[in-house]
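Q: Sequence:
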Amino acid sequence: MQQKQGPRRLPRLALVPLCLMAALAQAAPATDPLAPVARWSAYTAGRAATPPMGWSSWNAFGTDIDEVKILGSAQRIVDSGLAAKGYRYINIDDGWATRRELKDGHMVIRADRFPSSAAGGRSTFRPFTDKVHAMGLKAGIYSDLGRNTCSQAYSGDSSDLPKGSVREREIGLYGHIDEDIKLFFADWGFDFIKVDGCGLRAYGANSPKVKSGEYRALTPVLDLESVSRSDIPAVQAEFARINAALQRNNPDGDYLLSLCVWGAANVRAWGKNVGNLSRTSDDITPSWARLLSNFDSAAKRELYGHPGGWNDPDMLYIGKGDFDAAHMVEAKSHFSLWAMLNAPLMLGADLRSTPEALMDIVGNADIIALNQDPAGNQATLAYDADDLQILVKQLASGQKAVAIFNRGLGAIDVDLNAAHLKLRSDAPISLTDLWSKADTTFTNETRIRVAARETRVFRVQGTRLLAQGVYLSEQPGSVNPAVDGVTSPQADPTVFRSSAAWSGTKGAGERPMYAGWGGARADSTPYGQILQVAGNRYPAGIGILANSRLEVRNKDYRRITAQVGVDDSARDRMHGVSFMIYGDGKLLAKSKPMHWGQPAQALSADVAGVKVVELVARSTALHNELLPVTWGGAALLSGSQAD
557 MQQKQGPRRL PRLALVPLCL MAALAQAAPA TDPLAPVARW SAYTAGRAAT PPMGWSSWNA
617 FGTDIDEVKI LGSAQRIVDS GLAAKGYRYI NIDDGWATRR ELKDGHMVIR ADRFPSSAAG
677 GRSTFRPFTD KVHAMGLKAG IYSDLGRNTC SQAYSGDSSD LPKGSVRERE IGLYGHIDED
737 IKLFFADWGF DFIKVDGCGL RAYGANSPKV KSGEYRALTP VLDLESVSRS DIPAVQAEFA
797 RINAALQRNN PDGDYLLSLC VWGAANVRAW GKNVGNLSRT SDDITPSWAR LLSNFDSAAK
857 RELYGHPGGW NDPDMLYIGK GDFDAAHMVE AKSHFSLWAM LNAPLMLGAD LRSTPEALMD
917 IVGNADIIAL NQDPAGNQAT LAYDADDLQI LVKQLASGQK AVAIFNRGLG AIDVDLNAAH
977 LKLRSDAPIS LTDLWSKADT TFTNETRIRV AARETRVFRV QGTRLLAQGV YLSEQPGSVN
1037 PAVDGVTSPQ ADPTVFRSSA AWSGTKGAGE RPMYAGWGGA RADSTPYGQI LQVAGNRYPA
1097 GIGILANSRL EVRNKDYRRI TAQVGVDDSA RDRMHGVSFM IYGDGKLLAK SKPMHWGQPA
1157 QALSADVAGV KVVELVARST ALHNELLPVT WGGAALLSGS QAD
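The numbering of the sequence shown is the working numbering, which starts it at 557 and goes up by one.
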């Protein structure tokens, strides 16, 4: 048995610059965050080589869960053939616990809802997980970073909530990380854990439920509405403890860790370093407007999701509201967009009664294949407007996928061209519609009609602009902004603000709250401008802030090339930036100091045999946010193009 942790007060640490966060997340932080580390530092523990697929209880049942409902949905997954298509995680959300035993901290399951848990005397989920595993599936469980959970904080009905004394009702991980992780994984046999953050957010001394004596106070260190009011190191420290406990209790590494702090504490910048899934948004609801919010929270974070750790805009809500069987266009869009984002495909309907038409949508093997593509490249935005977006994804086969997303209320005639796809305009391009299965061919440009709220998705075959290479912006799954230069996390003003959040229209309405504005981008500056140096535009490249370090996985490419310089959008016109290329920790190439207005400098290096290439932009500037830089046309080349 692990030694029980005593009560622990979260430290109130100063807000640290994000340029130090990647170092904080690693076991041996570097004194210079821009120094090459000669390795890929994003999270690769656990089992998330592709985005996880499965089902979660929350959207269908909330806390009104029981064994029959959960196993019934699991059985439908098997019987429908969805399990064979990759849906394998069956996740219990909040509502399963009735209390914590004070004598030894053991968690007690609601036996009235999970009768198998009491069959052997002491409360255990082992009979349940054995049933799930016998079906060829995996099992997931829910907990919270704090003493208490989200439902305990926000539910107006206590019938499904834990019972007993104040301390018995403290069922969260706080103070019990080692014993709970051991219980969940080693003893009970779970394979997945979702860790919520309400316990570190909702139980301040002024909380009505704390003032009433119902719960003990825990000083909030998470603030969903303002990153500046979050204690980022304290939140990271809790996840570091969870990671250590997972490593100790899962020696075979067969587990998944889902971080659910909704974009708070700027988790969208560092979540990729500490977990397999990182929520980028507040909870989704079955509303088109809410889909826009959650989609936007992840769509421009393409460089922050990789094999091993994925952006998570929350579960699929197909089966209710704007995504039910009367809204097939919206349901297809929801599924298509989540697939293109490499979001986890977690179903949330009561599958026992889900109409076959909706089961067919989530069972579309061609769309699933985009989500599960082994290259792990989240789609990038090739066209971005308020009412229409074009997303392009590079596939492991060398083909591409393109999704044309009409966000608005009227049909749009969309001109899709070779430039959007980074394909040659003088060669045929073939499109296969992944919903209708129709094939078309065009050269240079074609017009596609997209209905209101529709997402047209195609598999694309054409002749690449780089016949023997790849732009780094085409393979975001292999590019990690280990240090993105952000020193002052800001809310992202481009995220759609919805009136359909879980709180509805109570209060003053949603304010921009998702941190991450100004991070690394593919084919764009950090603030959404076209990449441009001294008047020369770069349709392909990486935009990032000064004092940054990118890690690039290299496989069989011989040379890396780029045109480097200070982007024309920079407001800092005084400080210089030096660009460096490292290969497995060794300096391979370095630019002269570059200033605003100076033409880009060509930079290249031989990377044959190099596993990790690192691109560093170093400056003496104190305000990196004023100094965006461009790696124009950055590409890995092989064959004749590398010579």
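Calculated directly from the structure, the hints in this document are not laboratory data.
Keep in mind the model is a prediction, meaning the values are calculated, not measured.
Hints are supplied without guarantee of correctness; some may be wrong.
[Unchecked claim] For each label pair, taking beta carbons as the anchor points, the in silico distance ranges come out as:
1. Thr-997 - Gly-809: 39 to 47 Å
2. Met-1130 - Asp-940: 24 to 32 Å
3. Ser-1044 - Ala-1064: 20 to 28 Å
4. Ala-605 - Ala-975: 25 to 33 Å
5. Arg-1127 - Glu-912: 51 to 59 Å
6. Ala-742 - Leu-1143: 43 to 51 Å
7. Gly-628 - Asp-1140: 24 to 32 Å
8. Ala-742 - Ala-690: 14 to 22 Å
[Unchecked claim] Heads up, simulated DSSO-like pairs for lysine-lysine below, C-alpha to C-alpha not over 27 Å straight-line:
9. Lys-641 - Lys-719
10. Lys-765 - Lys-719
11. Lys-659 - Lys-765
C-beta atoms are modelled at their ideal positions from N, C-alpha and C, and glycine is treated no differently.
Q: Hint says 51 to 59 Å; check whether the CB-CB distance for Arg-1127 and Glu-912 agrees.
A: Between Arg-1127 and Glu-912, where Cβ atoms are some 56 Å apart, the hint holds.
Q: Holds or violated: 20 to 28 Å for the Cβ distance of Ser-1044 and Ala-1064?
A: 24 Å, holds
Q: Does the Cβ pair Met-1130, Asp-940 satisfy 24 to 32 Å?
A: 31 Å, holds
Q: If you draw a straight line from the CA of Lys-765 to the CA of Lys-719, is it 27 Å or shorter?
A: Holds - the C-alpha atoms of Lys-719 and Lys-765 are around 15 Å apart, at most 27 Å.
Q: With a cut-off of 27 Å on the C-alpha distance, tell me whether Lys-641 and Lys-719 pass.
A: Judged against 27 Å, a Cα distance of about 40 Å means the pair is violated.
Q: Okay, Thr-997 versus Gly-809 on CB: inside 39 to 47 Å?
A: Hint holds: Cβ distance 45 Å, inside 39 to 47 Å.
Q: When you take the CB atoms of Ala-742 and Leu-1143, is the distance between them in 43 to 51 Å?
A: 45 Å, holds
Q: Mind checking the hinted window 24 to 32 Å against the Cβ distance between Gly-628 and Asp-1140?
A: 52 Å, violated
Q: Is the hinted range of 25 to 33 Å satisfied by the C-beta distance from Ala-605 to Ala-975?
A: 32 Å, holds
Q: Assess, step by step, whether the Cα of Lys-659 is no farther than 27 Å from the Cα of Lys-765, and give holds or violated.
A: 25 Å, holds
Q: Taking 14 to 22 Å as the stated bounds, is the beta-carbon spacing between Ala-742 and Ala-690 within them?
A: Once the Cβ atoms are compared, 19 Å apart, the range 14 to 22 Å for Ala-690 and Ala-742 holds.
In summary, the structure is inconsistent with hints 7, 9 from the numbered list given earlier, while agreeing with the others.
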